[in-house]
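Colleague: Listed here are the chains, written in short residue letters.
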Amino acid sequence: MKIFEIIGRFYITFFVEAGKYINLSKNTLLKSFTVLKRRDLFFNQAFEVGVKSIILIISVAFFTGTVTAYQTGEQMVDLVPLTYLGVSVYKMMVMELGPVLTGVIMAGRYGASIAAEIGTMKVTEQIDALKSMAIEPIEFLAVPRFVAAIIMLPIAVIFANFIGVMGGFLISHIFFDLNFNEFFNEVQNYFDIMDVTIGLVKTAVFGGIISTVGIYVGFEARGGAEGVGKATVKAFVLSSVLILIADLVIALIML
Amino acid sequence: MEHSNKILFSIKNLSKSFGTKDVLKDVSFDIFEGEILCVIGRSGIGKSVLIKHLNGLLEPDKGEVTFEGRNILHLNNKDIYSLRKKVAMLFQSGALFDSMSVEENLALPLTEHTNLKLDDVKKEISEKLSLVGMEGIEKLHTSELSGGMKKRVALARAVMQAPEVLLYDEPTTGLDPVISDIINDLILDMNSKYNLTSIVITHDMRSVRKIADRVIMIHEGRIIFDGNIQEIEASADPVIQQFIS
Chain S
1 MKIFEIIGRF YITFFVEAGK YINLSKNTLL KSFTVLKRRD LFFNQAFEVG
51 VKSIILIISV AFFTGTVTAY QTGEQMVDLV PLTYLGVSVY KMMVMELGPV
101 LTGVIMAGRY GASIAAEIGT MKVTEQIDAL KSMAIEPIEF LAVPRFVAAI
151 IMLPIAVIFA NFIGVMGGFL ISHIFFDLNF NEFFNEVQNY FDIMDVTIGL
201 VKTAVFGGII STVGIYVGFE ARGGAEGVGK ATVKAFVLSS VLILIADLVI
251 ALIML
Chain F
1001 MEHSNKILFS IKNLSKSFGT KDVLKDVSFD IFEGEILCVI GRSGIGKSVL
1051 IKHLNGLLEP DKGEVTFEGR NILHLNNKDI YSLRKKVAML FQSGALFDSM
1101 SVEENLALPL TEHTNLKLDD VKKEISEKLS LVGMEGIEKL HTSELSGGMK
1151 KRVALARAVM QAPEVLLYDE PTTGLDPVIS DIINDLILDM NSKYNLTSIV
1201 ITHDMRSVRK IADRVIMIHE GRIIFDGNIQ EIEASADPVI QQFIS
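In order, the protein sequences belong to chains S and F.
So in our numbering, the last spot in the first sequence is 255, and the numbers never skip.
So in our numbering, the last spot in the second sequence is 1245, and the numbers never skip.
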């Protein structure tokens, strides 16, 4: 009997948590327009998620672009003309690697920090204090973070993609002797605005996931410093898993 | 202290549990306009849980809480927020926003709910800070404040919206006797200056003797005493005597 009890309790907890997360995400989305009332809070968060993270994002993108170009180039030698290396790197960066890696990195950098900040506010009664001053925590805390993430993450990914592709070109030039025209000619020929759109839509969705998971986990934090620590880890793990699931779903829908 | 016979809050058969723990069991009492009501009892017996029902931060499992004749449970979001403008709360830790300066903390209720100009907001802030004896600390960060200073700033923030009721959650806990006395004087001051009704959760009998018009004692989830300070001092109940002595 014990095993059924454990399984039953697991599913009940899972569905209760999922329901609460979906409810919070829905409320945040529906109240997004209230960001116009609190533009300062939005700009603070936009600075946090965009400007303060950009060095990290483009560093990762640069190395991702270089490794992608090198490994793909190594496999293409003697099989496919190396002039197709540029378009391979470009497509991988724009449609997959740029959005997903940026998403996962920002789940650690921004999502975990949201969970820690809101979790600390929860355990020190600051969220109750907001409510007691007739200030709606979803509007005050969740909406600016959510809107900043879905706007700034795609902008950061545009930079990341550019740097990643340029990194790929650099490696291709050094190791495979491709010049600028050889690398970028096929990029021009195979350019499809849909590829860019898919990448940016993915990133905006990932931004939504990172922020809402961080917010939800923060709001649910309990039990002092230990609870906040657990919330931070939970936010990163949960966001990363949801990003990979969303990546698959969006690819299946849009491709 | 003088207070009217008008009932502001009416708590009827309030019960609240967390998991398997019954914190409040069938609690009923009224709160009158203008009084300072002290709710006493040992730590962890649900005093804070009780006052969080008065501004809708918690919902009862059973029973009802009415404010000015309206059941709080039946209020919609808009009405619950307008109730919270009338019923302010001072939290045990102060609950100041640690990402903000003192000025930003105090400005928040005004910038959120009024269209006051920046100069007027600043004037209001400095007036409220001087009321709690903390003038000139507007630019300090909350991490630079001591426990007593945090409580006083939090008190100034609580009265920024000119509430009718102030809920104090253990206002003197963790403070030395001198600072505790200052806080007690402020509670008395606020009550007379703004015609407030104050509900003070505490286990500090020194505070109770100084400020209380009326005392309620909670034990094992139930009210075991409701009366004035002279009556509680004269009580023969061993649980009460053990607590107050």
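Hints were generated in silico from the structure; no laboratory data involved.
Hints should not be assumed to be uniformly reliable.
Unchecked claim - Pulled a few chain F residues facing chain S out of the computed Cβ check, cut under 8 Å:
| hint | residue |
| --- | --- |
| 1 | GLY1063 |
| 2 | LEU1108 |
| 3 | THR1142 |
Claimed, not checked - Below, computed lysine-lysine pairings styled on DSSO-like, alpha-carbon distance capped at 27 Å:
| hint | chain 1 | residue 1 | chain 2 | residue 2 |
| --- | --- | --- | --- | --- |
| 4 | F | LYS1078 | S | LYS37 |
| 5 | S | LYS131 | F | LYS1122 |
| 6 | F | LYS1078 | S | LYS131 |
| 7 | F | LYS1210 | S | LYS131 |
| 8 | F | LYS1012 | S | LYS91 |
| 9 | S | LYS230 | F | LYS1021 |
| 10 | F | LYS1150 | S | LYS26 |
| 11 | F | LYS1078 | S | LYS122 |
| 12 | S | LYS91 | F | LYS1139 |
| 13 | S | LYS131 | F | LYS1025 |
| 14 | F | LYS1117 | S | LYS122 |
| 15 | S | LYS37 | F | LYS1128 |
| 16 | F | LYS1025 | S | LYS31 |
| 17 | F | LYS1086 | F | LYS1021 |
| 18 | S | LYS122 | F | LYS1193 |
| 19 | S | LYS131 | F | LYS1021 |
| 20 | F | LYS1193 | S | LYS26 |
| 21 | F | LYS1128 | S | LYS230 |
| 22 | S | LYS122 | F | LYS1006 |
| 23 | F | LYS1012 | S | LYS37 |
| 24 | S | LYS122 | F | LYS1123 |
| 25 | F | LYS1062 | S | LYS131 |
| 26 | F | LYS1150 | S | LYS31 |
| 27 | S | LYS20 | F | LYS1062 |
| 28 | F | LYS1193 | S | LYS131 |
| 29 | S | LYS37 | F | LYS1086 |
| 30 | F | LYS1117 | S | LYS37 |
| 31 | S | LYS31 | F | LYS1078 |
| 32 | F | LYS1006 | F | LYS1021 |
| 33 | F | LYS1062 | S | LYS37 |
| 34 | S | LYS234 | F | LYS1078 |
| 35 | F | LYS1139 | S | LYS52 |
| 36 | S | LYS122 | F | LYS1210 |
| 37 | F | LYS1021 | S | LYS37 |
| 38 | F | LYS1150 | S | LYS20 |
| 39 | F | LYS1021 | S | LYS2 |
Values in this document were obtained by computation on a predicted structure and should not be read as measured data.
Glycine included, each C-beta is placed from N, C-alpha and C at the ideal position.
Colleague: Next step is simple, just say for each hint if it's right about the structure.
Modeller: How the hints compare with the structure:
1. GLY1063: violated (21 Å)
2. LEU1108: Holds, about 7 Å.
3. THR1142: violated (10 Å)
4. LYS1078/F / LYS37/S: holds (17 Å)
5. LYS131/S / LYS1122/F: holds (23 Å)
6. LYS1078/F / LYS131/S: holds (12 Å)
7. LYS1210/F / LYS131/S: Violated - the C-alpha atoms of LYS131/S and LYS1210/F are around 30 Å apart, more than 27 Å.
8. LYS1012/F / LYS91/S: violated (67 Å)
9. LYS230/S / LYS1021/F: holds (25 Å)
10. LYS1150/F / LYS26/S: Given pair LYS1150/F, LYS26/S is violated - Cα atoms ~36 Å apart, limit 27 Å.
11. LYS1078/F / LYS122/S: Holds - the C-alpha atoms of LYS122/S and LYS1078/F are around 23 Å apart, at most 27 Å.
12. LYS91/S / LYS1139/F: Distance of about 51 Å is beyond 27 Å: violated.
13. LYS131/S / LYS1025/F: holds (26 Å)
14. LYS1117/F / LYS122/S: violated (31 Å)
15. LYS37/S / LYS1128/F: Holds, at roughly 26 Å.
16. LYS1025/F / LYS31/S: violated (38 Å)
17. LYS1086/F / LYS1021/F: This hinted pair is violated, its Cα atoms lying about 31 Å apart.
18. LYS122/S / LYS1193/F: Given pair LYS122/S, LYS1193/F is violated - Cα atoms ~33 Å apart, limit 27 Å.
19. LYS131/S / LYS1021/F: Status holds; Cα separation ~25 Å.
20. LYS1193/F / LYS26/S: With a Cα-Cα distance of about 44 Å, the restraint between LYS1193/F and LYS26/S is violated, given a limit of 27 Å.
21. LYS1128/F / LYS230/S: Status violated; Cα separation ~39 Å.
22. LYS122/S / LYS1006/F: violated (36 Å)
23. LYS1012/F / LYS37/S: Roughly 39 Å separates the two Cα atoms, so the pair is violated.
24. LYS122/S / LYS1123/F: violated (31 Å)
25. LYS1062/F / LYS131/S: holds (22 Å)
26. LYS1150/F / LYS31/S: Violated, at about 32 Å.
27. LYS20/S / LYS1062/F: Holds, because 23 Å separates the two Cα atoms, which is no more than 27 Å.
28. LYS1193/F / LYS131/S: holds (25 Å)
29. LYS37/S / LYS1086/F: holds (23 Å)
30. LYS1117/F / LYS37/S: holds (16 Å)
31. LYS31/S / LYS1078/F: This hinted pair holds, its Cα atoms lying about 15 Å apart.
32. LYS1006/F / LYS1021/F: Violated. LYS1006/F to LYS1021/F sits at ~34 Å, over the 27 Å cutoff.
33. LYS1062/F / LYS37/S: violated (38 Å)
34. LYS234/S / LYS1078/F: violated (33 Å)
35. LYS1139/F / LYS52/S: holds (25 Å)
36. LYS122/S / LYS1210/F: violated (33 Å)
37. LYS1021/F / LYS37/S: violated (42 Å)
38. LYS1150/F / LYS20/S: violated (34 Å)
39. LYS1021/F / LYS2/S: Answer holds: LYS1021/F to LYS2/S is near 24 Å, not above 27 Å.
The structure fails hints 1, 3, 7, 8, 10, 12, 14, 16, 17, 18, 20, 21, 22, 23, 24, 26, 32, 33, 34, 36, 37 and 38 (numbered hints given earlier, in ascending order).
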